[in-house]
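One line per chain: the protein sequences are Z and C, in this order.
Mapping the first sequence onto the working numbering, position 22 (from 1) lands on 22, and the numbers just tick up by one.
Mapping the second sequence onto the working numbering, position 209 (from 1) lands on 209, and the numbers just tick up by one.
None of these hints come from the bench; they were simulated from the model.
From the three backbone atoms N, C-alpha and C, an ideal C-beta is built for every residue, glycine too.
Don't take each hint at face value.
[What the hints assert, rightly or not] Selected chain Z positions facing chain C (in silico; Cβ < 8 Å):
no., residue
1, D32
2, C40
3, I44
4, A78
5, A83
6, R86
7, Q89
8, T90
9, R94
10, E97
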Amino acid sequence: MTAIDPRRLDLAAEFRARPFGRHSPELQALLDIMRRTENCQHLILVSIAPGRWVLGERQPEGKPPDLFMDEVFESREAGEWAAFKRRWQTLAGRPLELP
Amino acid sequence: MTKPGVVGYLDALYASPGDELVLRVSVLDGGGRYRASLARLICGETGPGGPGLKEEPVPSAIDGEHAGDEQPVPIGSYAIVEDLPPLETVEFSLLVWPTQPRRGQQALMSLGRVRLLMDAGGAAALSIDGETLSTGRPMRGRAWYRVKASYDPATGTARVASTPLPGFHPETAAAAEGRLESGVRATGPLLIAAAPGPNGRVVEHFNGKIEAPALRSRNLAAAWDFSRAIGTARVEDGSAHGLHGRTVNAPKRAVTGARWDGSVHDWRQDPGHYGAIHFHADDLYDARWRESLRLRLPETLKSGYYAVKLQASGGPFYVGFIVSPRRDAPRAKLAVLASTVTYLAYANYRRRMSPGPFELTMGALPTVDMTDVLLAEHPEFGSSTYDVHKDGFGVDHASIRRPLFNMRPTGRFWNFAMDLCLTDWLEAQGIAYDVISEHELQERGAGLLAPYRTVLTPSHPEYFSLEMLQALERYLGGGGRFMYLGGNGFYWRVSFDPAHPGMIELRRAEDGTRAWAEQPGQYYHATGEYGGLWRRIGRAPNALVGIGFIAQGFDASSHYRRTAASRDPRAAFLFAGIEDEIIGDFGAWGDGAAGLEIDCYDASLGSPPHALVVASSENHSNAFLLVNEEMLSNSRGVDGTLNSRIKADMVFFETPAGGAVFSTGSIAFVASLAHDDYRNNVSRLLRNAIDRFLAPEPFTMPAA
């Protein structure tokens, strides 16, 4: 696991504003760390109905993902942000709190 | 949408009005009932940025509720030799190359209750009616061994031995001798790489290669030579007894054997180097389900994308297929060439549901829906050519004879579902069109295309056979007009195996954006064709359609910007009524017309010198990375923010026989057509192109 700088809330804000598309080099470096095998938590976004998504965890050998049904998202962007926050908490050692 | 409670498949991916299709159904939810209907598919699920799912019910004889049950899938490959005479003392001999030792008991050769095994500990063992004699010494994975065993039913005397083939290893031969239960007769059929189970099932599938299996008894000496009849489903006995057999579920032929030393790479040059067959417990060619319903297609059915819609508990399961015009029917001027071969290559794609750094490639989380989750619950439906077998070797076959989870208008916005954006737009424009399929092109050749003034591909015709390429080239050579409205097309070579109707073969050789890498020495298909990228084979798509694969990214799309060449009088028809410099800064995938997988012009790869690059995309994201076939060694500066070569080029060029080609170079292109109720510059551009391509006036080559 590679620690990230919990003070770089600016990068989190950048991702929240635009999870898809061009990122600054520093945000891209942060995402590359978060998305490594050891850090990615094997998350997956599962559509449970049109326009309704939940996060899940991929399982070895393609077994059915464990679905986290406690939180339902209305867009892929919202799901990406939730995944970002989960990884931030693990890597930074504290919850991500943005104004 | 909850998981479908029923699945099924048809015996063909295309048919014509009046044809009869056989539907095979398995009810998974235990309810014993399902409903069936026929639907014409107009638009797939597009998400909030597009028009969304559009389908029309089509009355047919299958409408209504039916009884059904769950049908088993006999997954796993093996070879079988039937019609053996009664056997007394038996001696087995073979070469084995296990790939999953210590992963459960696996049968090497079996004759009823007399079985030569690799036991759960990975050791060669002889089992007589369940009583086992083992060498006790595990065999290594991916190493060759000679395994021998004998059994005398009169005395119960049994012997088994494994001997590693010479090499740099400290292993020595291992053997065991003893008495097992006497009086057990070895009875046919002979199964190689599996054993008979209860209720006619076949069990204990072996994972790995087997070569030169031989069987000797007092009245019999047979030796099967897998280097013979490669490219077929036959296994031939080289002895005078002629005890030929067959393979089941298409294990991989044309694989390197124990003799292979790197001096031969084309199995046809010296088949003796290719005397092995690679078996897998998760090979699947034919689910062999009982027939459930017969669907006679109405004579008046319009050509298009269709599905049999199955419904039990949960969401619907779509069994997609193409309805092409009858041979004797009048044709539209325009045909959509549905990418059925690519749909098949992607069918039952599981890997995105496995752990791994998926997002480093994609730039976004992998996405699935509940139908995909159902697939994950059923490994017996087989995998895609993007997956690997349990032993880590790539899945190089894809067959239509099983449920196909991606031939549907729902789920991932990709392939089949994405391509419906094109039919939706054609419907909205009121343009008459037929839909034909790549599978039909493979069977009928250029004659299928000849009646059409223009042929379009949808978003991603990635997998192409030589015969399909030749048909397109003949069509263009005869003055045909062709539009490639996608990205990463004509990329991988596939072949059609005449011994396995409905199955394609793929070898991901040498290079390319690969889900797995073919093994050294195995770059030639069982058909004898050299596999891999068409670019590496010397037939880059650039020469056919002006552009070829350059980058991919799955987070966001971008737009095209017109070039100076778009003002060339030759291209004036394309931009009639379009004042914008920016084309396609909108769309249902990633808010842009240029995205997902994109292609660019490259004269060094054969892009025609007179082709006009009329627009190019720009401003792609960090997720877009230069494809590795463009790089001799790793380097920095290969993402979309830094590398100017990462762009989709929109090209137009004329052909000498009065035809022309228009290519857009982006999978996301068709997902922009419906923006703003179809009133947008991508829609206008394509309409302009089609109007000209359908006009009778020939195109004229420019002066040199």
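| task | Please flag the earlier hints that this structure goes against, numbers listed from lowest up. | result | Hints 4, 6, 7, 8, 9, 10 contradicted; others consistent.
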